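Protein chains: 2
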Amino acid sequence: MTPPRVVIVGGDPGGMAAISQIRKGRPDAAITVLERGSWTSYSACGIPYLVGGIVTGGPQRLVARSPEEHRRSGTDVRLHHEATALDLDRREVEVLDRDTGSTYRLGYDHLHLATGGRPMRPPLPGIELPFVHGVQSLDDAIDLLTVAEHGGIERVLVVGSGYIGLEMAEAFVLRGAAVTVVEKRAQPMTTLDPEMGALVARAMAGFGIDLRLGVEVNGFADREVHTSAGVLAADLVVLGIGVEPRTDLAAAAGLALGAKGAIRVDERQATALDGVWSAGDCCESTHLVSGGKVHVALGTVANKQGRVAGTNIGGGRARFPGVLGTAVSKICATEVARTGLNEREAKRAGIDAVAVAIESTTTAGYWPAAADLTVRLLAERGTGRVLGGQIVGGPGSAKRIDTLATAITAGMDVQQVVDLDLAYAPPFSPVWDPVAVAAREALKAV
Amino acid sequence: MTPPRVVIVGGDPGGMAAISQIRKGRPDAAITVLERGSWTSYSACGIPYLVGGIVTGGPQRLVARSPEEHRRSGTDVRLHHEATALDLDRREVEVLDRDTGSTYRLGYDHLHLATGGRPMRPPLPGIELPFVHGVQSLDDAIDLLTVAEHGGIERVLVVGSGYIGLEMAEAFVLRGAAVTVVEKRAQPMTTLDPEMGALVARAMAGFGIDLRLGVEVNGFADREVHTSAGVLAADLVVLGIGVEPRTDLAAAAGLALGAKGAIRVDERQATALDGVWSAGDCCESTHLVSGGKVHVALGTVANKQGRVAGTNIGGGRARFPGVLGTAVSKICATEVARTGLNEREAKRAGIDAVAVAIESTTTAGYWPAAADLTVRLLAERGTGRVLGGQIVGGPGSAKRIDTLATAITAGMDVQQVVDLDLAYAPPFSPVWDPVAVAAREALKAV
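So the sequences go chain by chain: A and B. For what it's worth, this note's numbering labels the leading residue of the first sequence as 47, then goes sequentially. For what it's worth, this note's numbering labels the leading residue of the second sequence as 47, then goes sequentially.
Think of the hints as simulated: they come from the structure by calculation, not from any bench. Quick caveat, the model's predicted, so the values are computed rather than measured. Keep in mind that the hints are not guaranteed to be accurate.
Since the list gives no way to pick one copy over another, a pair counts as held whenever it fits inside one copy or between any two copies.
Said to hold, decoys possible - Each computed DMTMM-like pair below joins lysine to aspartate or glutamate, with the alpha-carbon atoms no more than 25 angstroms apart:
hint, residue 1, residue 2
1, Lys490, Asp189
2, Lys70, Glu405
3, Lys339, Glu115
4, Lys70, Asp459
5, Lys230, Glu313
6, Lys490, Asp74
7, Lys230, Asp256
8, Lys490, Asp143
9, Lys70, Glu241
10, Lys490, Glu313
11, Lys490, Asp122
12, Lys70, Glu426
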């Protein structure tokens, strides 16, 4: 057999996680990575902590595997090389060398699209002004770190209150700035139900963040943000309104797009076109509860999808069953986590959901470090099937969401969660783990 | 209907957790609790932390619900009243009032045996000397707290290296004592596989505990412990060699005993005799992986069994499916957790198990508080079914065992664990949760 030529577009996890798996199946594969930026395999999730000064030592601390390391294991990593067009019939990629401006064509047997996502930038007046920053690439991080450290930034305005928005808000509070978060909806973190969002709002207030709910941003001018509630002054604006799949290349080549405009893939991470694959923030996933197609831009998902794509490219057989949208974040001392469907999503999926919330503590109540936490649990009326969960609380709260994620994946009902043999000792949990207490409440309600 | 008369023998969780459930079904029930000690509904698991001075405010801090509180909700709690015999034919309990020395008979429609466990006291010379302490009741705790605070205790010897033994060892280190732990087997914490026990041994050494492995205790004399390795001096001895079910009453009445001599019950917590129930450390459980009967003396199990018994006594229908032996402990800054079968147990159950261990970190590697952890995972060869897991590591490690406990309960295989949508953010986990990394390793091995 001739060694297969594999071209990976994008140096993000969805692309790079494929490499080891490809080599496992086909050690002879000739793998080329086209990355238009300067970095590979870095943790975008670490950017807020770099900017906030919690992670020190420079942006390279977030790099799991440098281009040089990839090259040492035989991968042809081409930085500043951008795939500008796909010729799917001839199985060629058109490439621009951004350093020289020259272009060339690269043939492939397998094309793996890992073009990632980009922070949404709504077409508002002034959005291209230099004080308006997205948070996605390590180059964004370097820009933000530079201004955080040297820029005399006193007033920061964050647009949007998702995970990235709030983590960036915290980062700039840690840098001593006055931070305002503008959210057009009535709660922060709309992946949570409103009651849990209110707990996040309270934590933000406790940390000195000025949260403006129900306020829309209309545009930007010099050190000004124009909103539905008037003009707000800001030295720096961070966009935290979500990530959209970067699919220009795929769309222009005629590949089918699915949920939220992400590249359509099957559970093998294959597009409809033989030999063309995709993984990461640029492609869609299947939701394990609703069964619908969703777009979840998270590093964990990108890594898993990348491995699955890699195994299949290498001639193996792997499938990625899907996602629950599990996510976790730390807003100061408050931990926030969610998994599965929230009430709005359950309604949209046509599922009759019952929601309960309980308050408990992270440890035995008498343990000195006991902190409050709230667990919200959604279950299907009648069957009792667990649909989703949300946790907001003090240190030690959030990773409990994994118990619910596992239970939901297994199709457990609330009785089965009550019966789980979860770990207990006073420094770790009350004798009834809060997750089990929530399930007990839900049992009464379903 | 005449109100049912329910007699509960024992004020521990297995008994008291039944009460609310009995009332839910039969609000008219006349419930009497016979407790030979002075306390109800306390957390025995908190005793080491009380003795060590981590939990302050006295033994009553460990009481979840006092006798007075139980009485206020209509339960006839009789302290210092001991059930001395059961007349199962006439449905009567013979009771000794320990304060007055008088005896009387108490009739019942339902008898709920929650006599708990007791620390094993092997019949060694000198074991009844007052410097040899068990750790079970709150009265034991008060004794130990008194000597810890006022007793001039300089040298403490702990016999056995299970959870209680090691937690008590830590407690006395915190009190400034020189602590020796004597364990007859070749590793501490024999509920772990030897490799994980070795990690615990290392943590103990780091905390200044003198661990003597492979040493047997032969007897006790004044401030001396006679062992297979010579005489060791000690001002205080703590027995931490396990808990045995307290079943004298049940056995004398002819009730069948099962695993480790614990009271035999079905999944309704019913004994073979109509109207006689049992829950907690005195009765057996079903192991969810092996299917065999086991004796697990843990507060979580007692609470769940107590509720199930209560629901059934109240005329409802509930079942307790079983246990995984999930347990967690903190030995200084080191967290230890286990669930399911270990290698020895798998072998005994006739299951062909593959074990893998991986090292990872509790958070993203670049997070300042990142701590090492080791995850060991057992899976069935061929099927890949997850059988058990063990975790030893720094702060934030141990509660991950719940993910494995949930996965095992659901009958998941290692591939399904790899695919789990577990929560990730840099302060909480590497992008691949260590549990998933262990499952990936196991996938290669099975």
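Against the structure, the hints come out as follows:
Proximity of Lys490 to Asp189 under the C-alpha cut-off of 25 angstroms is found in neither arrangement, the shortest distances being 52 angstroms within a copy and 42 angstroms between copies. For a Cα distance limit of 25 angstroms, the shortest separation of Lys70 from Glu405 across copies, 22 angstroms, qualifies, whereas the shortest one inside one copy, 48 angstroms, does not. In this homomeric assembly, Lys339 and Glu115 never come within 25 angstroms of each other (Cα to Cα): the closest approach is 35 angstroms inside a single copy and 52 angstroms across copies. With identical chains, the CA atoms of Lys70 and Asp459 are at most 25 angstroms apart between copies only, with a shortest distance of 22 angstroms across copies and 39 angstroms within one.
Proximity of Lys230 and Glu313 under a CA criterion of 25 angstroms is satisfied in neither setting, with 35 angstroms inside one chain copy and 53 angstroms between copies. Taking the shortest alpha-carbon separations for Lys490 and Asp74, only the inter-copy value of 21 angstroms comes in at or below 25 angstroms, while the best intra-copy value is 59 angstroms. In this assembly of identical chains, the alpha carbons of Lys230 and Asp256 lie at most 25 angstroms apart only when taken from the same copy (14 angstroms versus 61 angstroms across copies). Taking CA atoms no more than 25 angstroms apart as the test, Lys490 paired with Asp143 passes in neither setting, with 63 angstroms inside one copy and 40 angstroms between copies.
In the homo-oligomer, the alpha carbons of Lys70 and Glu241 never lie at most 25 angstroms apart, since the shortest distance is 47 angstroms inside one protomer and 29 angstroms across protomers. Taking CA atoms no more than 25 angstroms apart as the test, Lys490 paired with Glu313 passes between copies only; the shortest distance there is 21 angstroms, against 37 angstroms inside one copy. Taking identical chains as interchangeable, the C-alpha atoms of Lys490 and Asp122 are never at most 25 angstroms apart, the minima being 59 angstroms within one chain and 28 angstroms between chains. Taking identical chains as interchangeable, the C-alpha atoms of Lys70 and Glu426 lie at most 25 angstroms apart only when they sit on different chains, with a minimum of 24 angstroms there against 42 angstroms within one chain.
Consistency note: the structure conflicts with the earlier hints numbered 1, 3, 5, 8, 9, 11.
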